[in-house]
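Given the structure of chain A, go ahead and fit chains B and C onto it with the hints provided.
Residue numbers (full-length UniProt numbering), protein chains in the order written: chain A, 1 to 344; chain B, 1 to 250; chain C, 1 to 284.
No wet-lab data here; the hints were simulated from the structure. Given the structure is predicted, the values throughout are model-derived calculations rather than measurements. Quick reminder that beta carbons are idealized off the backbone N, C-alpha and C, glycines included. Hints may be right or wrong, so weigh each one.
Claimed, not checked - Simulated pairs of lysine-lysine, DSSO-like, Cα-Cα distance not exceeding 27 Å:
no.	chain 1	residue 1	chain 2	residue 2
1	B	K8	B	K55
2	A	K20	B	K147
3	A	K20	B	K121
Stated by the list, open to error - Covered stretches of chain B (chain A as the covering partner; in silico rule of three or more C-beta atoms under 8 Å from a C-beta of chain A):
no.	region
4	79-87
5	90-101
6	134-148
7	156-166
Chain by chain, the residues:
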Amino acid sequence: MLSNTADSVRASLNRRGRWKIGEIAFWLVAASTLFLLPERHLILNEIAIIGLFALSLDLILGYAGIVSLGHAAFFGLGAYAAGILARDGFADPLLGLGVAAIAAAVLGFVTSFLVLRGSDLTKLMVTLGVALVLGEIANQASWLTGGADGLQGIAMGPILGLFEFDIFGTTAYTYSLVVTFLLFVVARRIVVSPYGLSLRSIRDNALRARAVGIPVNRRLVAIYTLSAAYAGVAGALLAQTTQFVSLDVLAFHRSADVMLVLVIGGVGYLYGGLIGAIIFKVLQDVISAWTPQYWQFWIGLILVLIVLAGRERLTERVRALWPRSRGRTVDRPQPLTTTPAREV
Amino acid sequence: MTPALETKGLIKRFGGLVATDNVTFRLEQGARHALIGPNGAGKTTFINLLTGVIKPTTGQIILQGEDITGLRPELRVQRGLARTFQINQLFPAMTPLETLGLAVSERMGGGRDWWRVIGSKTAIVDEIVEIAQRFRLTDVLDERTSKLAYGKQRLLEIAVAFACRPRVLLLDEPAAGVPEAERHELLATVAALPRDVSVLLIEHDMDLVFSFADRISVLVNGALFTEGTVEEVSTDPKVRAVYLGESVDE
Amino acid sequence: MLTILFDGIAYGMLLFVLACGLAVTLGLMNFVNLAHGAFAMAGGYVTAVLMNRHGVPFLATLPLAFIVPALIGLVLERTLYKRLYARSHLDQVLFSIGLVFMAVAAIDYSMGSQQQLIQLPSWLQGRVEILGIQVGLYRSFIIAVCGALVVALQLILTKTRFGSRLRAAVDDPRVARGLGINVSLIFAATFAVGSGLAGLGGALGAEILGLDPTFPLKFMIYFLIVVTVGGTTSITGPFLASLLLGIADVAGKYYVPSVGAFVIYTLMIVVLVLRPQGLFDRAR
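Chain A on its own, in the form it takes in the complex (with noise of 0.2 Å):
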């Protein structure tokens, strides 16, 4: 009796942990897309890119509830950090993203900081905050970023020595891609850890987390550090294979999208980001095609419904059709890249 009680609390235990067939699929999809959807590596770089800075905001805003208008402050600052080491002549890829990464962690914990403490409007306003200082600098430091001209002459070195970027971008495709899921995997890891755990329990109620001897303020800048790296990569991602940064990657739309694109996937299980990137696209391929000037306004619509629908139920339904706490195996398959992509 004791043993087996063991046994399935040992099970209940381990389940967060392993990979389900879903999730397996999902990534099989993804890197089929290198050779079935050779013409739209272009998109696909941006859908990877994109999902992976949503997936940063996850971390922060789906495991620990520390809400953000002001992702963008370090998906701009790890675009800049790359671009500038790559205009200056340091034109290994790896070598920018480790700086980039570098560069926003460092932002980050120092920022963290100041939204330890307050409400939700005060960390709204002071992410917010933080980006546009940010904006700011950049924007006057023209002999540094090359101000509202954007940063021009970004050389990229080939991958590892060996793969050069190409202009179809499948180099660039399977470079983010690649980069996405092995950051996705550490990221899986570290939520299903002790220490993802304290993180959620954290968000549930802090009064008792630190009741159960958790350094509550300690942890929080931990995840904060570390999402503003995962967000510093990709915009090294983005700076990398665009070859180009502007101001745009600190705008203030930048990190509302941001926080759309993981509203509509989802918040809180990680893939939220990545399907949110992926409805993202395809929504605004879509609906810039048919409207160009004014697919804001139904993203803005898009954004409303979900809200009034009830985000938190939404959520729960795509959570539903995806095994986690029950291990059931069966399961649909979830991931859309192919077949929409196809459409536009």
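Same frame as chain A, now just chains B and C:
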């Protein structure tokens, strides 16, 4: 013998109001000690001072002979001072299993571990099983905490604190709001707490105090009014006047 | 120097009229309405359209610049906003950003993306010298109108029955309800008036702030600064914050154009971190 928990001249002022008035208090090793007092007597403030949620104006708090007055709340927990809350403070979206796993792995220093899943450690699993059985939660381990019956939530409330393996456990009205049918189960688990845990019980319910405690302290207007064995306090006419009288009549 | 101070005050007064509705929404309903600027934009466009297409004189457009956004606000409050009062701030933010996006695109679609210019009546143009200071007539007009509004608002809040009910509802909606105050009616009325004031501010400010479809996004941060720095428990807090912001912004842009906005954002962060309740609120 060193007391399990001790306060010396503890004072807390909020502006002009003295919420805790020069409280010097000892909780002996293995004690079953009850802290009673009318509403507004400062029991909650006293608990918050002990756990470090608020800082005292002056005075000392000593846990197992070690001064913890300046320590942050989570560090006090790590040194063996755990509490339950009068109003449930649980993690509604997590299961009891995850909740207990969290508490146990934090205590074992696993909270910084970001690479392994909890279930991979036998010591943690065994301890979760043991606590679940002690607090009769085995059947509901995989349910969402928010869906549990109130009595089970109350048990989980104590179980989480117990999972921190405290030397001193502060129970804040553990039976509050528990329906009659589930009450017996709860009281039985409280009575069966191991003797190496010293317990300070904050309670309104005199039946529970008399059946559980061997010593009673009475707090009135933020100050210790009297202290003694159950007989001494329950027969003390002054105590009856300020407190027991109204409570017994309830 | 004094001219800059004067311009700053005019700017600050304008900001207050624009943002005070937001302060009330936040204080009363605890609702983070990022779409507040859209109502201001609506007012601006009402004035611009009436003047430029129908030849209505400037002053005559102002009442409509108040009424139209107020009505829009009232309808939206009754149909949509009220469903979200109990939701998380995140939901409110998402919802109101959605509204902003829709408003921006809709105005862009119907009016075009260009700046809307309005021709001020000749008696409001130019500058005069008063006590040795060069003051713009239009800015004096703004100060006079906004000043009158501030006084009127303060009187309504402190002297009327509606004002005392409103304050009761801000303090504690549940108690207010228990006292038989129709809180939901007060919510609706205040929301409408706040939207109307924003519209009026948008119309008055069209000449100074500029008016194009991106208006709600451009000035969102300014409104938020006013509210977060000023606090939401009184009307004086946001008012002082508006003046401060207006003067700092004008002076900053004049003296140190390269760091102007930077300083304001940084100051906002500092205030928020040190005084999350706002600069002028007594700590609770």
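We went through each hint and held it up to the structure:
| no. | hint | in the structure |
| --- | --- | --- |
| 1 | K8/B x K55/B | holds, 14 Å |
| 2 | K20/A x K147/B | holds, 26 Å |
| 3 | K20/A x K121/B | holds, 22 Å |
| 4 | 79-87 | holds (count 3) |
| 5 | 90-101 | holds (count 10) |
| 6 | 134-148 | holds (count 3) |
| 7 | 156-166 | holds (count 4) |
In terms of the numbered hints stated before, the structure departs from none.
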